[in-house]
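For this one, chain A is given, so just place chain B on it according to the hints.
Here's the letter readout for the chains.
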Amino acid sequence: MKLTDALSGVLLMLLGLFMLWQAAQFPSFGGQPYGAALLPSILAAGLILGGTLLVLRDVMARRHADGGAWLHLVPDLRAGGMPALLAVLGNILAQIWLAPWLGFIPVSAAGLLVLFLVLRLRLWAAAALAVGTSFACWWLFAGLLRVPLPRGLLDRVL
Amino acid sequence: MNFADVLFQAAALVFEPRVLITALLAGAFGMFVGAMPGLTATMATALLVPMTFFMEPIPALAAIVSASGMAIFAGDIPGALLRIPGTPASAAYVEDSYRLSMKGKLNLALGTNLLVSCIGGLFGVAVLIAAAPLLAEFALRFTSYEYFWLAALGLSCAIFIASADPLKAGIALLIGLALATVGLDPTTGVPRFTLGQVDLMAGVEFIPAMIGLFALAEVLRGVIRLNRSIPPAPMPRNDGPLFRGVGGVIRHHPKNIARGSLMGTLIGALPGAGADIAAWMAYAVSKRSSKTPEKYGEGHVEGLVDASAANNAAVGGAWIPALVFGIPGDSVTAIVIGVLYMKGLNPGPTVFIQNPQLIYAVFMIFILTTLMMVPLGWAAVKAARQVLRVPPRVLLPIVLSFCIVGSFAMTNSVFGIVIMLAIGLLGWLLEENGFPVAPIILGLVLGPMFERMFMTSMIKSGGELGAFFDRPIAAALGICVLLIWSLALMGALRRLRTRRASVRPT
Chain A
433 MKLTDALSGV LLMLLGLFML WQAAQFPSFG GQPYGAALLP SILAAGLILG GTLLVLRDVM
493 ARRHADGGAW LHLVPDLRAG GMPALLAVLG NILAQIWLAP WLGFIPVSAA GLLVLFLVLR
553 LRLWAAAALA VGTSFACWWL FAGLLRVPLP RGLLDRVL
Chain B
9 MNFADVLFQA AALVFEPRVL ITALLAGAFG MFVGAMPGLT ATMATALLVP MTFFMEPIPA
69 LAAIVSASGM AIFAGDIPGA LLRIPGTPAS AAYVEDSYRL SMKGKLNLAL GTNLLVSCIG
129 GLFGVAVLIA AAPLLAEFAL RFTSYEYFWL AALGLSCAIF IASADPLKAG IALLIGLALA
189 TVGLDPTTGV PRFTLGQVDL MAGVEFIPAM IGLFALAEVL RGVIRLNRSI PPAPMPRNDG
249 PLFRGVGGVI RHHPKNIARG SLMGTLIGAL PGAGADIAAW MAYAVSKRSS KTPEKYGEGH
309 VEGLVDASAA NNAAVGGAWI PALVFGIPGD SVTAIVIGVL YMKGLNPGPT VFIQNPQLIY
369 AVFMIFILTT LMMVPLGWAA VKAARQVLRV PPRVLLPIVL SFCIVGSFAM TNSVFGIVIM
429 LAIGLLGWLL EENGFPVAPI ILGLVLGPMF ERMFMTSMIK SGGELGAFFD RPIAAALGIC
489 VLLIWSLALM GALRRLRTRR ASVRPT
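Residue numbers (our numbering), protein chains in the order written: chain A, 433 to 590; chain B, 9 to 514.
These aren't lab readings, by the way, just hints derived from the structure by calculation.
Computed from a prediction, not measured in an experiment: that's the story for all the values here.
Heads up, some of the hints might be wrong.
[To be verified] Every beta carbon over 10 Å from chain A, so not counted as near; a handful from chain B, in silico:
hint	residue
1	F11
2	M110
3	A139
4	L148
5	L161
6	Y349
7	N363
8	L376
9	I406
[As the list claims (entries may be wrong)] Derived list of chain B stretches under chain A, where covered just means 3 residues or more per stretch with a C-beta under 8 Å from a C-beta of chain A:
hint	segment
10	126–138
11	227–233
12	295–303
13	430–441
Even for Gly, the Cβ is constructed at its ideal location relative to N, Cα and C.
For reference, chain A alone in the conformation it holds in the complex (with noise of 0.2 Å):
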């Protein structure tokens, strides 16, 4: 997604103003005229500041020339890369949320499978890949170094 920077800029702004009311909060040092709210007001500054040149640089820029939409998504968005990016969302989200009650290997062979499939792998590849992966790293992570990754289901069966 292609924001132009006028809109970055601003949004900038908008995270430095932020920053600020939350530093604002924090309790002073004690006897002293700075403490922990001191760098993140800088920073925050530095954000406003810098999101306020960008703001003026492409005002500026479009003064010359016609600067075209304010937000564009990517061409590779439109073109059907919109599945492929919420299929890797939806299997990052799926791990969060779903794993500790399914497990690892379930949901992310399912996850992985249906990536494979909107990346338009055949079937028998996607599912032998999926399930591949998934044992692998299993096997990799909770085996041979020992994290715990959520065994969900598999405490029935193992």
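Leaving out everything else, chain B in the frame of chain A:
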């Protein structure tokens, strides 16, 4: 402990089957990742770290040194075969190496790349070995004032030297610094920007953030572009011995090798600028000082020699500030510093005194892996035609799985995945909009040090800003920082004025 004892202990740490096998496997992994277009050396390191987390410090460092060096060389392989640089560090001379291979000189191009990379790498290591202990002795006298200015210098370099658009680089750096302030404030213990989340109290977990920025963002870019991907160019054949004629090239261009290696090491040692910028600058300098600049880009071996030496020399150079001051020279050493802290080895001059055997072990690993690059690189070139047939649509989902599991492993909870996702999306959006992401990581690594040194100095001086210039080295560093900023501001004003003058109707 005398020097011979230190060397002996270091050798005992390094020449252990487990360390050597780790270096070999990590090197092969680095070769693979570097050779795949779209997967970078930083990504190889970021994906490797969750595994090194479970190792002793020496094998962990061996894995990182080995993988990053190999990946920088391996980036040359698809450049010559497919005209696609494997890593951004090989982009400078991709046109030359591809044209060479189309002229039937594929082996000459890749053989030169490999041997010159090895020489450049060894040069960078030699400078690292010579300079780091000397600098460390010097740095022992540093106080919070000097460290404050060093951190400020590192942050300024990231904005003005390493980027085409200083404004956007500066904003990216501010974002990185802001991310570093999340969590408990180190001086006062106040929670900042935690939004009520207990998980955020310890701050933004560094490695999942790196995986997000350098691996997930790349996966997102990759899958979105898959549908557009053009069928790959026909691969030229690579029969015959790899190194035929390479000796001649090296004998005819000793000056190029020396110049490229020196530039690479220096640029690598500058905070924020790594192998990518070293290669571009070495190529540009080589072209400017060549007798035949018109041949550059047409399949000329000269620029390839300079830039190939420079990008591998930068790998060693980047470790100089990282080991001595704890200030990363590039994105890979930013990860290394994170790993060192995780292992309880706080980088800085005291490591050179308390654990000199560790430092010399790192030096030995560097020499070893740089030499190992030649046989591994030979094998990678020979296997490249098969390896490069692995389509991105198979590779990217596998990388995604590693991102997820790797981030989970760093926190042992889904929180690592949440951080990876958030920072990965942020990095992707920023990069799509022309903001460089390397300054973010520099801000994230240097932020805590910058703030701690500033607060310590302020408390020591009772809020007196003049104290930052009281000590001679601090004053010199401070003047450097102010000079960089004023030069940059003057440059920006001059550009603005010339632009105004040029658009004004005449």
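Tell me the numbers of any earlier hints that the structure contravenes, in ascending order.
Violated: hints 9, 10, 12.
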